[in-house]
Amino acid sequence: MQSHFNKYFVRLLEYKGKELLSKYGVKIPRGAVISRVEDVSVLSTFKFPLYAKAQVPFAGRAKMGLVRRVDTLKDAENAARDYLGRVVQDYPIRKVLFEEGVSVAKELYVSITLDRENRGYLMLASAEGGVDIEEIARRSPEKIIRLYIDDYEGLRDYMVRSVARKLGLEGTAAQDFVTVVKAMYRVFTEYDAELVEINPLALTTDGQLVAIDVKVMIDDNALYRHPDISVEDSDYTMEELEARKYGLHYVELTGYVGIMANGAGLTMATMDLVKEFGHEPADFLDIGGGASKDSVREGLKILLHDDRVKAVLINIFGGITRCDEVARGVVEALSEVKTNKPIFIRLKGTNEEEGRKILAEVGIKVYETAEEAMEALSKALRSMQG
Amino acid sequence: MQSHFNKYFVRLLEYKGKELLSKYGVKIPRGAVISRVEDVSVLSTFKFPLYAKAQVPFAGRAKMGLVRRVDTLKDAENAARDYLGRVVQDYPIRKVLFEEGVSVAKELYVSITLDRENRGYLMLASAEGGVDIEEIARRSPEKIIRLYIDDYEGLRDYMVRSVARKLGLEGTAAQDFVTVVKAMYRVFTEYDAELVEINPLALTTDGQLVAIDVKVMIDDNALYRHPDISVEDSDYTMEELEARKYGLHYVELTGYVGIMANGAGLTMATMDLVKEFGHEPADFLDIGGGASKDSVREGLKILLHDDRVKAVLINIFGGITRCDEVARGVVEALSEVKTNKPIFIRLKGTNEEEGRKILAEVGIKVYETAEEAMEALSKALRSMQG
Amino acid sequence: MAILVNENTRVLVQGITGREGSRHTQYMLQYGTKILAGVTPGKGGQSVHGVPVFDTVEEALRKFPEINTSIIFVPAQFAADSVYEAIDAGIKLIVIITEHIPIHDTLRFVNYAKRRGVTIIGPNCPGVVSPLKSKVGILPNHIYTKSGPVGIVSRSGTLTYEISYHLTQAGIGQSTVVGVGGDPIVGTDMVEVIKMFEEDPETKYIVVIGEIGGTMEERVAQYIGSGKVTKPVVAYIAGRTAPPGKRMGHAGAIVSMGMGSYESKVRAFQEVNVPVARTPTEVVKLIKKLMP
Amino acid sequence: MAILVNENTRVLVQGITGREGSRHTQYMLQYGTKILAGVTPGKGGQSVHGVPVFDTVEEALRKFPEINTSIIFVPAQFAADSVYEAIDAGIKLIVIITEHIPIHDTLRFVNYAKRRGVTIIGPNCPGVVSPLKSKVGILPNHIYTKSGPVGIVSRSGTLTYEISYHLTQAGIGQSTVVGVGGDPIVGTDMVEVIKMFEEDPETKYIVVIGEIGGTMEERVAQYIGSGKVTKPVVAYIAGRTAPPGKRMGHAGAIVSMGMGSYESKVRAFQEVNVPVARTPTEVVKLIKKLMP
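Residue numbers (this note's numbering), protein chains in the order written: chain A, 1 to 386; chain B, 1 to 386; chain C, 1 to 292; chain D, 1 to 292.
With the rest of the complex left out, here is chain A (with noise of 0.2 angstroms):
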């Protein structure tokens, strides 16, 4: 189950997706989180070694160089440094979580997810966590246990408690197991997530069970429901930030056709058919249902403003999205950004003949379909490179 382009979660960073977790009773390691250097300061009463996490809302932070361990203050000053500002696969570090080590007896998995499948929620939990979960599963699958969670019912604790003994957990540690997967289970439904793991839910020395490292996934149509939570605690790059605010879903690819249609799936296909005719999108770029002129103008900009961008292919098909409105956009964009870029549009559906009018009265050809429109746009870049 992958999110593509057709619906776009937000990852928490780790420390925001702890913080509400904690909120709820589940434990998590000692530590501050920290945006300037000058505040690392406030580590001084905390137990040294710390270890010192870059925060960034992706995987394989570790072979990256992204959290390592800092024995001083001074240490912990120069990781800082080194990190805050620093830009990741398009992402800048505003924050570092610095943490106290936790001695682990053991490391468990445990995870709610939504269960599209059967429209409920589902719950993952394994004695062998870490981050080897995945090869796990795929080896031994009877080593994760799966607990199907109905909207309507809820999650009873007997279940949890239930789960708790499948995974050896007896005592408190199992007391405090249904705490955890209760806190997990309300972030999930209160914050509107898709995912809340734990990875590894440390079983500690001393018998605690701790929240090593987290990550929280929200639906970005819930938001507005969320005040507590900003987007600069979540993975939107600077780019897709200026493209939400016009309702663009926009995300940068590695070619050089640039690419604009409505819909996800007529997106994706318009990629494939650029792929079929052997060259390389620039991007995906879906303006989405009923687009105004506004966002469709705001998003040819992106594509005009892309050095990459060598040509410019326009997909409509308008359902709920209308032609001419397209085609006002269209125009707006071309008479603010001067540009030589040759735009190749293919029109169709809901007012699709006042579109044309409007493209026509610039100049501007419309196709019949977006294979004789790439067809076009093919032929342009052959006489560009010859």
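Source of the hints: derived by calculation from the structure; they are not laboratory data.
Possibly wrong hints are sitting among the right ones.
Said to hold, decoys possible - Sample of chain D residues with no beta-carbon within 10 angstroms of chain B, all distances over it, derived:
hint: 1; residue: M1
hint: 2; residue: R10
hint: 3; residue: Q30
hint: 4; residue: T56
Claimed, not checked - Computed list of lysine to any residue pairs in SDA-like fashion (alpha-carbon distance at most 25 angstroms, straight line):
hint: 5; chain 1: D; residue 1: K63; chain 2: B; residue 2: G168
hint: 6; chain 1: D; residue 1: K43; chain 2: B; residue 2: K293
hint: 7; chain 1: D; residue 1: K63; chain 2: B; residue 2: K23
hint: 8; chain 1: B; residue 1: K357; chain 2: C; residue 2: E20
hint: 9; chain 1: C; residue 1: K43; chain 2: A; residue 2: D157
hint: 10; chain 1: B; residue 1: K182; chain 2: C; residue 2: Q46
hint: 11; chain 1: C; residue 1: K114; chain 2: D; residue 2: D88
hint: 12; chain 1: D; residue 1: K204; chain 2: D; residue 2: S226
hint: 13; chain 1: B; residue 1: K293; chain 2: B; residue 2: G278
hint: 14; chain 1: B; residue 1: K166; chain 2: D; residue 2: T17
hint: 15; chain 1: B; residue 1: K357; chain 2: C; residue 2: R23
hint: 16; chain 1: B; residue 1: K23; chain 2: A; residue 2: D157
hint: 17; chain 1: A; residue 1: K182; chain 2: C; residue 2: A113
hint: 18; chain 1: A; residue 1: K245; chain 2: D; residue 2: T145
hint: 19; chain 1: C; residue 1: K63; chain 2: C; residue 2: Q46
hint: 20; chain 1: D; residue 1: K288; chain 2: D; residue 2: T145
hint: 21; chain 1: B; residue 1: K293; chain 2: B; residue 2: Y367
hint: 22; chain 1: A; residue 1: K106; chain 2: A; residue 2: V131
hint: 23; chain 1: B; residue 1: K293; chain 2: C; residue 2: G18
hint: 24; chain 1: A; residue 1: K47; chain 2: A; residue 2: I144
hint: 25; chain 1: D; residue 1: K114; chain 2: A; residue 2: Y152
hint: 26; chain 1: A; residue 1: K293; chain 2: D; residue 2: T17
hint: 27; chain 1: A; residue 1: K182; chain 2: B; residue 2: R225
hint: 28; chain 1: D; residue 1: K114; chain 2: C; residue 2: R115
hint: 29; chain 1: A; residue 1: K293; chain 2: D; residue 2: K43
From the three backbone atoms N, C-alpha and C, an ideal C-beta is built for every residue, glycine too.
The hints should help you fit chains B, C and D onto chain A, whose structure is shown.
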């Protein structure tokens, strides 16, 4: 539907109920609550005249002179000094709420309460709110709009909108009504309420909905999960709080026969019996189910220390309550408190024999039936008067 | 015959290792109740008065699939979860002794049980006894030594013992005695129990033990008035001399419309020709009068 | 015949006074859809393109009890409430056009609808059209001018138009075209629509338009593999060249077990002998090949 001795509902002080509703979006008059006379200084930024409302947990406050208009800070100080520390109906006034006036165009009534019969919730609303609401309900029941709410399905906005229309609310007032009722519903379900009532809910001359007076009653058994609600903000008297510590349910009455029994039903039946013999009970004291000897001891001590009590009738039929524990408690109380008040005990049920033995050791007779014990008590009272 | 519990009742005790759970397991065993298993999370493998303890209801039922009834002694904070566990495991009769369960919890699990066809008695109740057959509750054993024609339904525990005691003393046995519980919302109300008594061939007379507050007694009277109860009924209501209670706001007054008082309840019964005893002992006299 | 909507469809438009609601009411009317009423709270008494507007669904249904279908254009924040209102009022087919509805809202109302036997199409979908009979959706009118033997079920709006357009251009009509919606959880999934097509006498061929992500296409293939679909199926999957998407944590990987990719979906279809088109236009060729 009245709550007698069988179940205790905590009534919150007005200001606390308003605080909860306000947290979820209900508009309340601008105001401040004060617990020390010197704190009236915070009122200096308010728009006088203000209304000083002594925070007491019972109705008819205005008629008792516990609400008054104050025109100056000096007035306010006098009101605070007058109210704070006064004891009205056994209740010590600890707080005074000062509020700005509201320009009322219309007074509505709205409440959410438990629907015991249908095992759900019931919302009541009327376009004619205010102190006469019960009279209106009696004379013109059609003026009360009733909405049953299923606990499982919850309250949907569209249902509340429909009630708003029936109340004649339009535009923003109708939308605000949805906000008000949803806030009430949240307080009702999240705070284990028995009742959330706003009366009057003012429609102001500038079209706003403002809660002028509110009544919130909370399930005493659920207080443990609401750490933000202090019993100081409720209608507990000092004696009740003291009794509560030992799991006792004590209510002071006006007579002179001290009563202790187990279970609300048996305690009431014992009161009835005292009256049947022409005497007046001094109290209702239910030691509950499975009382320990400590509870019995402390309960009996309350009665022995009460100067009004001339004789004590103890009526126990043990199920989960053990007669031996009761006997031990009685013996301990008598060893701690010197008294010459006669005590008449009837013991039946679980561990009856052991209880009888314990009491026999200190020379206390045990009666077979409550009637026999009461007869003996009557005789003793007669001889005391004679 | 009898209602709710009988010779075929096979019991699970939830919260069996607690003070009350353990004690009343012993008393029920002494009474002759067939208790097959107990549950206390984390105490699986122990035994209480010879009854094996399991960690979960599911495990207990796997070992003893013939269990058809559960009695709950679990502390109030955890009681609701135990009820869900029993319902989800498929137990069809659940008797909840625990008192002080938050009423919103009760409301939710009672409705949940109804949707699944599960009967709940309680909470905050003394349980159910069908004398000489089975006891699932905390009613004192020594009172229930005679089966017979009187079915009792009551909101009060101790008052039930009182009246049962006097009946038994007078040589009048009981078919089944049901304490529905003293909370404002209970799993099975008096009307529902009276319907069962009406269907039960062993029950010839019905005693209703009520108290002031709520409208349950008025609804019983209304149901009797509908003509669906052919067996004679005798009532007792505690609280005749209680001063007016704490008011439940205007809402309470509007909903109850004057019901809930001693007078209202007595009037309701009198209107449908149900005699109301003035004292617990008078119930025995009224029943005797009805007997041939 | 056809599925979901036909000559007997009588439509309510919820959110009729909004920009899209009003516009598409006009388009649907032009298409010939029988729209009887609209709802927008606070706008009762107005009319939109001749359609009377009511404040509540209940009022609209009181006036027009023959309404059997609702289409929802209400903004995402308020959409769930509109769905509950329609379900509670007894409407049995609800088409939700609104996009950006929080997925937890969708999950809850979809399950609520199922318990009440209500069919939901969407959310975030183009709706349903049975050409020349009725359109309940936002699909462009001018494409749907020919009824015929092809049933289309799709996760994507615009791709559906694209493929329908090419079919119609090639003279191949459609029985019903269903956009199930692009969200991770939808009211009616592809398998459920395919079951309907299988039952529908008018439908002779089925086109499945999928895209990468999720496992809906794999489940379609699995269902076809079970032998319950006798009609020939042709598929198209968008996203062949999309780079790997954002990972949904370990949980996503564990649950999907490698499903969700373009290759996984194509393989699943090929294993059950469903041809997969490489471009939207190729779908037409594949259908033509199947035709006699």
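So, going through the hints one by one against the coordinates:
At roughly 35 angstroms from the closest C-beta of chain B, the C-beta of D/M1 stays outside 10 angstroms, upholding its exclusion from the interface. Distance check on D/R10: its Cβ is at least 21 angstroms (rounded) from any Cβ of chain B, clearing the 10 angstroms threshold; non-interface status holds. Distance check on D/Q30: its Cβ is at least 30 angstroms (rounded) from any Cβ of chain B, clearing the 10 angstroms threshold; non-interface status holds. Separation of D/T56 from chain B is inadequate, the least Cβ-Cβ distance of about 6 angstroms not exceeding the 10 angstroms criterion.
With a C-alpha separation of about 21 angstroms, the suggested pairing of D/K63 with B/G168 holds against the 25 angstroms cut-off. Distance restraint check for D/K43 and B/K293: the Cα-Cα separation of roughly 68 angstroms exceeds the 25 angstroms cut-off, and the hinted pair is therefore not satisfied. Restraint check for D/K63 and B/K23: not satisfied, since their Cα atoms lie roughly 40 angstroms apart, outside the 25 angstroms limit. About 23 angstroms separates the Cα atoms of B/K357 and C/E20, which keeps this hinted pair within 25 angstroms; it holds.
The hinted pair formed by C/K43 and A/D157 meets the criterion: a straight-line CA distance of about 16 angstroms does not exceed 25 angstroms. Restraint check: the Cα-Cα separation between B/K182 and C/Q46 comes to about 49 angstroms, which exceeds 25 angstroms; the hinted pair is violated. Distance check on the hinted pair: C/K114 and D/D88 sit about 21 angstroms apart at the alpha-carbon level, within 25 angstroms; holds. Note on D/K204 and D/S226: the hinted pairing holds, with a Cα-Cα distance of about 19 angstroms set against a maximum of 25 angstroms.
A threshold of 25 angstroms between alpha carbons decides the hint, and for B/K293 with B/G278 the separation of about 31 angstroms lies outside it, so the pair is violated. For the proposed pair B/K166 and D/T17, the alpha carbon gap of about 22 angstroms is at most 25 angstroms, so the pair holds. The suggested pairing of B/K357 with C/R23 holds, with an alpha-carbon distance near 21 angstroms, which does not exceed 25 angstroms. Between the alpha carbons of B/K23 and A/D157 the distance comes to roughly 29 angstroms, so the proposed pair goes past 25 angstroms and is violated.
For the hint pairing A/K182 with C/A113, the CA-to-CA distance comes to about 23 angstroms; that is within 25 angstroms, so the pair holds. For the given pair, A/K245 sits about 38 angstroms from D/T145 by alpha-carbon distance, which is inconsistent with the 25 angstroms threshold. With a CA separation close to 15 angstroms, the supplied pair C/K63 and C/Q46 stays within the 25 angstroms bound. Using a Cα cut-off of 25 angstroms, the hinted pair D/K288 and D/T145 holds, with the two alpha carbons roughly 19 angstroms apart.
At most 25 angstroms may separate the alpha-carbon atoms for a hinted pair to count; B/K293 and B/Y367 meet this at roughly 20 angstroms. About 13 angstroms separates the Cα atoms of A/K106 and A/V131, which keeps this hinted pair within 25 angstroms; it holds. With a C-alpha separation of about 18 angstroms, the suggested pairing of B/K293 with C/G18 holds against the 25 angstroms cut-off. A threshold of 25 angstroms between alpha carbons decides the hint, and for A/K47 with A/I144 the separation of about 35 angstroms lies outside it, so the pair is violated.
Between the alpha carbons of D/K114 and A/Y152 the distance comes to roughly 12 angstroms, so the proposed pair stays at or under 25 angstroms and holds. Distance hint between A/K293 and D/T17 is fulfilled; the C-alpha atoms sit about 21 angstroms from each other, no more than 25 angstroms. For the proposed pair A/K182 and B/R225, the alpha carbon gap of about 15 angstroms is at most 25 angstroms, so the pair holds. Proposed proximity of D/K114 and C/R115 is supported: the alpha carbons are some 16 angstroms apart, at most 25 angstroms.
Between A/K293 and D/K43 the CA atoms are separated by roughly 28 angstroms; this puts the pair beyond 25 angstroms, and the hint is violated.
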